[in-house]
Amino acid sequence: MNKRVAITGNEAVAEAMRQINPDVVAAYPITPATEIVQIFADSVSNGKVDTEFVTVESEHSAMSATIGASAAGARAMTATSSQGLALMWEMLYIAAGLRLPIVAPIVNRALSAPINIHCDHSDTMGARDSGWIQIYSEDAQEAYDNLIQAMRIAEHPDVLLPTMVTMDGFIVSHGMGNAELLPDDVVKKFVGEYEPEHYLLDVENPITVGALDFSDWYFEHRRQLADAHTRVQDVVLQVAKEFKEISGREYKLFDAYRLDDAEVAIVVVNSAAGTAKTVVDQLREKGLKVGLLKIRLFRPFPHKEIAEALSGLKAIAVLDRADSLSLMGGPLYIDLRAAMYNSPGPRVNMVNYIYGLGGRDINMEQIAGVYDDLMEIAKTGKITEPVTYLGVRE
Amino acid sequence: MAELLEIRWHGRGGQGAKTAAILLGEAVSASGKYIQAFPEYGPERMGAPVLAFNRISDEPIRLHCQVANPAMVVVLDSTLLGKADVTAGVPEDGLYIINTNLSPKEMRKQLGLTGGKVYTLDATQISMETIGRAIPNTPMMGALIRTTGLLTIDEFVRNTRERLEAKFRPDIVEKNIQAIERAYQEVQGEE
Chain A
1 MNKRVAITGN EAVAEAMRQI NPDVVAAYPI TPATEIVQIF ADSVSNGKVD
51 TEFVTVESEH SAMSATIGAS AAGARAMTAT SSQGLALMWE MLYIAAGLRL
101 PIVAPIVNRA LSAPINIHCD HSDTMGARDS GWIQIYSEDA QEAYDNLIQA
151 MRIAEHPDVL LPTMVTMDGF IVSHGMGNAE LLPDDVVKKF VGEYEPEHYL
201 LDVENPITVG ALDFSDWYFE HRRQLADAHT RVQDVVLQVA KEFKEISGRE
251 YKLFDAYRLD DAEVAIVVVN SAAGTAKTVV DQLREKGLKV GLLKIRLFRP
301 FPHKEIAEAL SGLKAIAVLD RADSLSLMGG PLYIDLRAAM YNSPGPRVNM
351 VNYIYGLGGR DINMEQIAGV YDDLMEIAKT GKITEPVTYL GVRE
Chain B
1001 MAELLEIRWH GRGGQGAKTA AILLGEAVSA SGKYIQAFPE YGPERMGAPV
1051 LAFNRISDEP IRLHCQVANP AMVVVLDSTL LGKADVTAGV PEDGLYIINT
1101 NLSPKEMRKQ LGLTGGKVYT LDATQISMET IGRAIPNTPM MGALIRTTGL
1151 LTIDEFVRNT RERLEAKFRP DIVEKNIQAI ERAYQEVQGE E
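Line order of the protein sequences matches chains A and B. Counting in the numbering used here, the first sequence runs from 1 upward without gaps. Counting in the numbering used here, the second sequence runs from 1001 upward without gaps.
Hints were generated in silico from the structure; no laboratory data involved. Just to be clear, a hint being listed does not mean it is correct.
[To be verified] Output of the computed footprint for chain B on chain A, the stretches with three or more beta carbons under 8 Å from beta carbons of chain B:
#1 171 to 179
#2 267 to 275
#3 354 to 367
[To be verified] Computed list of lysine-lysine pairs in DSSO-like fashion (alpha-carbon distance at most 27 Å, straight line):
#4 1117(B) <-> 3(A)
#5 252(A) <-> 241(A)
#6 48(A) <-> 1167(B)
#7 1083(B) <-> 244(A)
#8 304(A) <-> 244(A)
#9 241(A) <-> 3(A)
#10 314(A) <-> 244(A)
#11 314(A) <-> 382(A)
#12 241(A) <-> 314(A)
#13 379(A) <-> 286(A)
#14 286(A) <-> 244(A)
#15 1167(B) <-> 3(A)
[Unchecked claim] Reference listing, derived: stretches of chain B covered by chain A, where coverage requires no fewer than 3 residues with Cβ under 8 Å from a Cβ of chain A:
#16 1059 to 1067
#17 1137 to 1147
For clarity, every value in this text was computed on a predicted model and none was experimentally measured. C-beta atoms are modelled at their ideal positions from N, C-alpha and C, and glycine is treated no differently.
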């Protein structure tokens, strides 16, 4: 077995980047993702990687330079958070539209205003329709493992899509926990050499990148983008299978925790899933049939598989660390409800809790309270409040 | 989950509460246990009251919420007493280690504690005499190792020396190790 170390999420992700040894990294520091860039920059200065490190003047430029490098044929990465991701906005769509397999760890943090540097999923939820693959991580171990797997997913010839791997700001990025890291040679072999089929520096086979594409062909190219997303799930599962062989750790599209005989369940992403699993264990000891589903792959959304896993439950609570301001709940809830609408079987009662905005703590008592509410809904079949703001002063 | 030990560190910005939590976490992790170490994330200002936390268990730790009911409290600066609520959320049988020149009995009275255990150590004095500066975090770790028996002092010193060597000059490392070893001997209990 590999050695278990005490490590923060940022350190684990920066270590994965060192082991991946990308050709180009262009980045601009932002809290709480600064350390990823800083630690990786140390690896560059100390000659531990061969990476061309580009210091840029903004995140917009960071993504632009990453796109340029990737289009040229390089394995290119960046890292950011919050306002940084927001400033990359127009370039995110371009990376996806150009089908560039850029991989970026993103540290989840609230968006201004008011100014707040703490954990919140508004940043990556806002980028959910940009065409990037999104993989969410509960802790440092998952962030490390997911980043390594993301290289293979993004660069797979059936996929060729940019991929972001997220983890919770401060809670995971700065909190020290335990993780097992893989040996350098194992990671190197797993990610392999990047051999793009078409790239700008292939002077024997010149191509055009970023051409004008009006009503004659734009639609077809966007349709191809959607088509590429339909192939992601199989690749994610195949890469996970191979990753298990080198690590012993199992990854799927989502993590179904004590869900088999559950009557009610919480659906959640990232670090709150860990706290909620502890609550599930405590309630199970009391004989209550509660479970949890933690989404790993959020874009593309494995809606059929998730709906199947949740069908037959009596009540579901979706926990969102972001608001959509549609007044219909947070982004996870809206997608989950749509997925469940098409699922066979009787309609499942679903409620939404928006929690933890701007880093507000979510504790075990609050999560146990959500399970209480669910059991009441399961018993009565009645929903009084479809969307609840959990742990806020009203 | 099996036995979970939660520790809260009270200090002032610059006294090394976060560093102490991290060094303790790393040393305990190296012994095979599972750990978490994290500060309370707020504005970082020299001298302002700060908190840091540890979780320690024989099983993987999945909790990602704040520590609300620590079984153990370490106070790096006695001027915080009466200002920071060091007993908040601590169970009746909680354990306190306080950096002060008062005795555990006097400290118990000042905190109004009836149960639990109180230990005291003049960590500021020790750090002045060994390191030459008032940096009470390393001696307080020595006191914590003595009172909890989480690790043997040899194991702790060996591991902490390794961590410190990566960051500091050899003479600074030795002074910190001296502070830890003295604290291990000098921490006072109630009997």
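Hint check:
1. 171 to 179: holds (count 7)
2. 267 to 275: holds (count 4)
3. 354 to 367: holds (count 5)
4. 1117(B) <-> 3(A): Distance of about 36 Å is beyond 27 Å: violated.
5. 252(A) <-> 241(A): Measuring from Cα to Cα gives roughly 9 Å; hence the hint holds.
6. 48(A) <-> 1167(B): 19 Å, holds
7. 1083(B) <-> 244(A): 51 Å, violated
8. 304(A) <-> 244(A): Answer holds: residue 304(A) to residue 244(A) is near 24 Å, not above 27 Å.
9. 241(A) <-> 3(A): 21 Å, holds
10. 314(A) <-> 244(A): 33 Å, violated
11. 314(A) <-> 382(A): It holds: about 11 Å lies between the C-alpha atoms, which stays within 27 Å.
12. 241(A) <-> 314(A): Judged against 27 Å, a Cα distance of about 32 Å means the pair is violated.
13. 379(A) <-> 286(A): This hinted pair holds, its Cα atoms lying about 18 Å apart.
14. 286(A) <-> 244(A): With Cα atoms ~33 Å apart, residue 286(A) and residue 244(A) exceed 27 Å; violated.
15. 1167(B) <-> 3(A): Roughly 22 Å separates the two Cα atoms, so the pair holds.
16. 1059 to 1067: holds (count 7)
17. 1137 to 1147: violated (count 0)
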